[in-house]
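**Student:** Sequence:
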Amino acid sequence: MEETIKMSRIEKRHYLGYLVAMYVVGTALLTGIIFWGVANPFSPISASDREQLRQARIFEGQQQQAVQIYDSVMAKVRVLKTSPGNAVLESDIENQINYLNSMYDGVPNKDMRTFSFYQMALYLQRHYQDALILRKKADNIRIFQNQLNECMIGYKQNEDYMNRMRAAQSSR
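Numbered according to the working numbering, the sequence shown spans residues 758 to 929.
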């Protein structure tokens, strides 16, 4: 069993060619199996991809607009907390919240990020309502303080009057 196989020079070349061909075919088949179904990056963009990119651009533009509206509403609510009642400011805040809530009404879009506008509007609406309640409570506290001060002044005047009456009665 230890006999050596001797090949001629032509047989060695044919055998090497056969091995190289088997290697190339095996590598091609393996590469084809691995990359089967992968999208070709050099193929032209399909219509659905174009539509998706167009919707993404529209969304990004509206997102920038929504962030500006959100920031302006938050600034107006901060002003509203400290200032007395201003009907124009309140109606402006409500209009901007409603606009933010309706940014994607009627637009066919399957992008889940569009629901963030509804959530932003809901948060702003709640924050606005809290600011109104806070302002009303602060106004009520201010009115109560004024009434308390007026009562204290009246009480002190009555107390002074009563003390003078007692002093006048005790001096007789």
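Wrong hints could be hidden among the right ones.
Derived lysine-lysine pairs resembling DSS-like cross-links, with alpha carbons at most 25 Å apart [unchecked claim]: (1) Lys838 / Lys894; (2) Lys769 / Lys838; (3) Lys833 / Lys893; (4) Lys894 / Lys833.
Taking CB as the label site, the calculated pair distances span [unchecked claim]: (5) Trp793 / Gln876: 57 to 67 Å; (6) Asn897 / Val824: 33 to 43 Å; (7) Lys893 / Ala924: 42 to 52 Å.
Just so you know, the hints here were simulated from the structure itself, not pulled from any lab data. Built from N, CA and C at the ideal position, the CB exists for glycine as well.
**Student:** What hints, given by number in increasing order, does this structure fail?
**Tutor:** 2, 5
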